[in-house]
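Chemist: Listed below, chain by chain, are the residues.
Number of protein chains: 2
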Amino acid sequence: MAGKGANSSNTKGKKKEVKKETGLGLSYKKDDNFGEWYSEVVVNGEMIEYYDISGCYILRPWAMSIWDIMQVAWVTKSGESDLEVPIAIRPTSETVMYPYFSKWIRGHRDLPLRLNQWCNVVRWEFSNPTPFIRSREFLWQEGHTAFATKEEADTEVLDILELYRHIYEEFLAVPVIKGKKSEHEKFAGGLYTTTVEAFIPNTGRGIQGATSHCLGQNFAKMFEINFENDKGEKAMVWQNSWAYTTRTIGVMIMVHGDDKGLVLPPKIASVQVIVIPVPYKDANTQGIFDACAATVKTLNESGIRAEVDSRDNYSPGWKYSHWEMKGVPLRIEIGPKDFANNQVRAVRRDNSAKIDIPMANLVEQVNDLLNNIQKSLFEVAKQKRDACIQVVNTWEEFAEALSQKKMILAPWCDDEV
Amino acid sequence: MAGKGANSSNTKGKKKEVKKETGLGLSYKKDDNFGEWYSEVVVNGEMIEYYDISGCYILRPWAMSIWDIMQVAWVTKSGESDLEVPIAIRPTSETVMYPYFSKWIRGHRDLPLRLNQWCNVVRWEFSNPTPFIRSREFLWQEGHTAFATKEEADTEVLDILELYRHIYEEFLAVPVIKGKKSEHEKFAGGLYTTTVEAFIPNTGRGIQGATSHCLGQNFAKMFEINFENDKGEKAMVWQNSWAYTTRTIGVMIMVHGDDKGLVLPPKIASVQVIVIPVPYKDANTQGIFDACAATVKTLNESGIRAEVDSRDNYSPGWKYSHWEMKGVPLRIEIGPKDFANNQVRAVRRDNSAKIDIPMANLVEQVNDLLNNIQKSLFEVAKQKRDACIQVVNTWEEFAEALSQKKMILAPWCDDEV
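Protein chains in written order, with this note's numbering: chain W, 1 to 417; chain H, 1 to 417.
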């Protein structure tokens, strides 16, 4: 079918096909039907493809590029040299790793032992799968560490928690709250669990962002992870474990996405600026395309991740929608007027603001805009989140706040009735 | 037990423990019992840990650092920007990916489509597992590409094969032979398979190093991967796939390893130079330790991966054996005499040659040595390999050469009787 037809019908067929292919526009609005909106935006934004096993999703390059950037962010922040990076063969878990801790740890000079791996992991049992948020297989980082003293373990738990906060707030522009899990919700078998928790205003639900556990000596007892301390006495190690997953990406999508699609914070966007030529009839088309290429080159040279969409089989309007759907933070348009005036037009993805930038100021102003977008996304999200916080003192207030999708601050005794 | 005992018995116990812990020395010689030598060297060299499921191994940081460097080498050589990097959820394979090729490829502007992923993969069924060489789960890179024309696919098959040769010969210092597989050995379902083949003199066996397949249009037919070509006609894509695995590491170990343990080529060694202080009685111990630290700093600053082993609970002799076992290409010793003369002593892992280097020439001479070691490892391996090649013309000659563990060049008609 696709190969047939005269030009006119072919064009029509093509448009339809194009719409199907890249999903221009969303059928659902975020505030009307959040669940359907989310399903649509992760597919149309080219983050995932559904696979024919429920709960299994194919992560596409657009999503992987974010995960890759977050790994780099991790290394930058935590210092790669401190962490050994093995890849244990799956299934990975405490019961796989810790017998080897027992083997590898002999004396206090073997401590601290700090292992971290980036890999995939399977959790087969659950209901209600959601791309990135709950899937049967996902990507994560898992750290497992052992120390000579509880003090060192305690310190690391909070250091890692701060690292998680940093990644959520500074990279994903998602505000989180640090805290300690209740006894009921803590990691079973551990001593205590700390967490960063995000909040999705549309669902009125908090969502666990990442956890940093102090395991105490429970696993050390179980797996006989002993060492000779600096006094020559036999002692047991103190252990931590901590992890964050590709759920981070799902939370980011839910918090920032809008009715036009994804909205990516500049720091984790693989394409921060998309440059689109806007030729018009008799105008100097070649000049416009050259100006676009020069713009991308200038931006790339200053370390900004920019690309040009020079495809000649899509209209500028189609391209605007396409890159809005994919969430690119800043769009630069160059049309005949811009070309004549030696300027570009920048359009922010987050608030649609339009700014004309003289070519002479390009790098400086684009850098400023990207920084502003990054900050603004966080501020807006934080304001929305904070507006949902409600302090309650009675059960009636609690139930009422819950029905209004509030984030509730309530007294807590941590005793089970 | 470990915490008890007086100093003397403690020391004795410690030595025994240390031996067990890090595997000083090998029980088997490479030329006497290659299989046992290999099993021992991969464990004592801290490349793997055996896991309690047959055929499953834990890859330790020493092995992962090599795999990481090979990924970087890959990117440098092939150019990352050309390749999209998705991570499809496992199980990955043609049947998982290609239905989506059919969905993602519409017009000729979508071609070529080039996907590459670095991930783990499971192959459960086989006999005779061997670490790195044949394991139930392994790490690999798999590329899957689609082109508009056969010519483009053919070109890429050979480009990738050359990339594999480059990685084996230039990084792992392992000589390989490029060639085409017989119809019997080619990837079933493909059009033709090219391969780089290594040779293990100790076993007299060739070993498949990596394969680059042209799939032709077989999968395109099966999965209906069609596109509209530039003439507006419906056409079918031409596909390739290609992969290499952590087997590369096993081949490298088998080819270069010796009776003292691993021998790592400098280009893929995470530690290229190990610096060991050799204090003696009343000598200026602090001065020696400072000189070691300064040496590492100087080397690191010039891009050489150097580390100091300043542990005070192991003797210099123990450390020599330890780092020989782990295959570090160059050892630098600094003792009282070296310190007094403002020089260091370098010892090559590959041929035990000792070279005194004045501090003033440190970087230049270490760089030269590392380059020489890299070249020499390849040359020695190539000579050994070439010495095993035998041209035969009759079945009797063939059988005789095979019994002598030769690599055989024989006439081949590719017809099955």
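Quick caveat, the hints were computed from the structure, so don't treat them as lab data.
Careful, some of the hints might be misleading.
To be verified - Listed next, the in silico DSBU-like pairs over lysine-lysine satisfying Cα-Cα at most 35 angstroms (straight line):
(1) H/103 to W/29
(2) H/281 to W/231
(3) H/231 to W/103
(4) H/354 to H/384
(5) W/319 to W/267
(6) H/354 to W/150
(7) H/260 to W/234
(8) W/375 to W/103
(9) W/281 to H/234
(10) H/103 to W/267
(11) H/103 to W/297
(12) W/186 to W/375
(13) W/319 to H/103
(14) H/234 to W/260
(15) W/231 to H/319
(16) H/150 to W/234
(17) W/260 to W/406
(18) H/150 to W/297
(19) H/180 to H/103
(20) W/319 to H/384
(21) H/103 to W/30
(22) W/260 to H/103
(23) W/103 to H/30
(24) W/231 to H/29
(25) H/181 to H/319
(26) H/221 to W/319
(27) H/319 to W/221
(28) H/260 to W/103
(29) H/231 to W/319
(30) W/319 to H/150
(31) H/186 to W/150
(32) H/29 to H/234
(33) H/231 to W/297
Said to hold, decoys possible - Sample of chain W residues facing chain H (criterion: CB under 8 angstroms; computed from the structure):
(34) 30
(35) 49
(36) 313
(37) 354
Bear in mind the structure is a predicted one, so any value in this text is a computation, not a measurement.
C-beta: ideal position from N, C-alpha, C; glycine also.
Chemist: The structure should be examined with respect to each hint, and the outcome stated for every one.
Modeler: Now for the hints, and whether the structure bears them out:
1. Proximity of residue 103 of chain H to residue 29 of chain W is assessed by CA-CA distance (about 26 angstroms); at most 35 angstroms being required, the pair is judged to hold.
2. Pair hint residue 281 of chain H plus residue 231 of chain W holds up; C-alpha atoms about 25 angstroms apart against a cutoff of 35 angstroms.
3. Taking the CA atoms of residue 231 of chain H and residue 103 of chain W, the gap is near 66 angstroms; set against the 35 angstroms cutoff, the hint is violated.
4. Distance hint between residue 354 of chain H and residue 384 of chain H is fulfilled; the C-alpha atoms sit about 24 angstroms from each other, no more than 35 angstroms.
5. Restraint check for residue 319 of chain W and residue 267 of chain W: satisfied, since their Cα atoms lie roughly 22 angstroms apart, inside the 35 angstroms limit.
6. Note on residue 354 of chain H and residue 150 of chain W: the hinted pairing is violated, with a Cα-Cα distance of about 47 angstroms set against a maximum of 35 angstroms.
7. With a C-alpha separation of about 33 angstroms, the suggested pairing of residue 260 of chain H with residue 234 of chain W holds against the 35 angstroms cut-off.
8. With a CA separation close to 47 angstroms, the supplied pair residue 375 of chain W and residue 103 of chain W exceeds the 35 angstroms bound.
9. With a CA separation close to 31 angstroms, the supplied pair residue 281 of chain W and residue 234 of chain H stays within the 35 angstroms bound.
10. At roughly 31 angstroms between alpha-carbon atoms, residue 103 of chain H and residue 267 of chain W fall within 35 angstroms of each other, so this suggested pair holds.
11. For the given pair, residue 103 of chain H sits about 32 angstroms from residue 297 of chain W by alpha-carbon distance, which is consistent with the 35 angstroms threshold.
12. A distance of roughly 33 angstroms separates the Cα atoms of residue 186 of chain W and residue 375 of chain W; the hinted pair therefore holds under the 35 angstroms criterion.
13. Note on residue 319 of chain W and residue 103 of chain H: the hinted pairing holds, with a Cα-Cα distance of about 20 angstroms set against a maximum of 35 angstroms.
14. Restraint check: the Cα-Cα separation between residue 234 of chain H and residue 260 of chain W comes to about 33 angstroms, which is no more than 35 angstroms; the hinted pair holds.
15. Annotation: proposed proximity of residue 231 of chain W to residue 319 of chain H holds, straight-line Cα distance about 24 angstroms (limit 35 angstroms).
16. With a C-alpha separation of about 68 angstroms, the suggested pair residue 150 of chain H and residue 234 of chain W falls outside the 35 angstroms cut-off, and the hint is violated.
17. Note on residue 260 of chain W and residue 406 of chain W: the hinted pairing holds, with a Cα-Cα distance of about 26 angstroms set against a maximum of 35 angstroms.
18. For the hint pairing residue 150 of chain H with residue 297 of chain W, the CA-to-CA distance comes to about 34 angstroms; that is within 35 angstroms, so the pair holds.
19. In summary, the hint linking residue 180 of chain H to residue 103 of chain H is supported, as the alpha carbons are separated by about 32 angstroms, within the 35 angstroms threshold.
20. A distance of roughly 59 angstroms separates the Cα atoms of residue 319 of chain W and residue 384 of chain H; the hinted pair therefore is violated under the 35 angstroms criterion.
21. A distance of roughly 27 angstroms separates the Cα atoms of residue 103 of chain H and residue 30 of chain W; the hinted pair therefore holds under the 35 angstroms criterion.
22. As the CA atoms of residue 260 of chain W and residue 103 of chain H are separated by approximately 23 angstroms, the hinted pair is consistent with the 35 angstroms bound.
23. Restraint check for residue 103 of chain W and residue 30 of chain H: the C-alpha separation of about 27 angstroms stays at or below 35 angstroms, so the hint holds.
24. Using a Cα cut-off of 35 angstroms, the hinted pair residue 231 of chain W and residue 29 of chain H is violated, with the two alpha carbons roughly 40 angstroms apart.
25. Our distance criterion of 35 angstroms between C-alpha atoms is broken by residue 181 of chain H and residue 319 of chain H, whose separation comes to about 46 angstroms.
26. A threshold of 35 angstroms between alpha carbons decides the hint, and for residue 221 of chain H with residue 319 of chain W the separation of about 32 angstroms falls inside it, so the pair holds.
27. For the hint pairing residue 319 of chain H with residue 221 of chain W, the CA-to-CA distance comes to about 32 angstroms; that is within 35 angstroms, so the pair holds.
28. About 23 angstroms separates the Cα atoms of residue 260 of chain H and residue 103 of chain W, which keeps this hinted pair within 35 angstroms; it holds.
29. With a CA separation close to 24 angstroms, the supplied pair residue 231 of chain H and residue 319 of chain W stays within the 35 angstroms bound.
30. With a C-alpha separation of about 31 angstroms, the suggested pairing of residue 319 of chain W with residue 150 of chain H holds against the 35 angstroms cut-off.
31. Proposed proximity of residue 186 of chain H and residue 150 of chain W is contradicted: the alpha carbons are some 58 angstroms apart, above 35 angstroms.
32. Under the criterion of a C-alpha separation no larger than 35 angstroms, the hint pairing residue 29 of chain H with residue 234 of chain H is inconsistent with the structure, at around 62 angstroms.
33. For the suggested pair residue 231 of chain H and residue 297 of chain W, the alpha carbons sit about 33 angstroms apart, so the restraint of at most 35 angstroms is met.
34. Among the interface hints, the one on residue 30 of chain W is violated; its C-beta lies about 26 angstroms from the nearest C-beta in chain H, farther than the 8 angstroms criterion.
35. Interface restraint check: residue 49 of chain W against chain H, minimum CB-CB distance 6 angstroms, threshold 8 angstroms, status holds.
36. Taking 8 angstroms as the C-beta cut-off, the interface hint given for residue 313 of chain W holds, the closest approach to chain H being about 7 angstroms.
37. A cut of 8 angstroms between beta carbons decides the hint on residue 354 of chain W: the least distance to chain H is about 30 angstroms, and the hint is violated.
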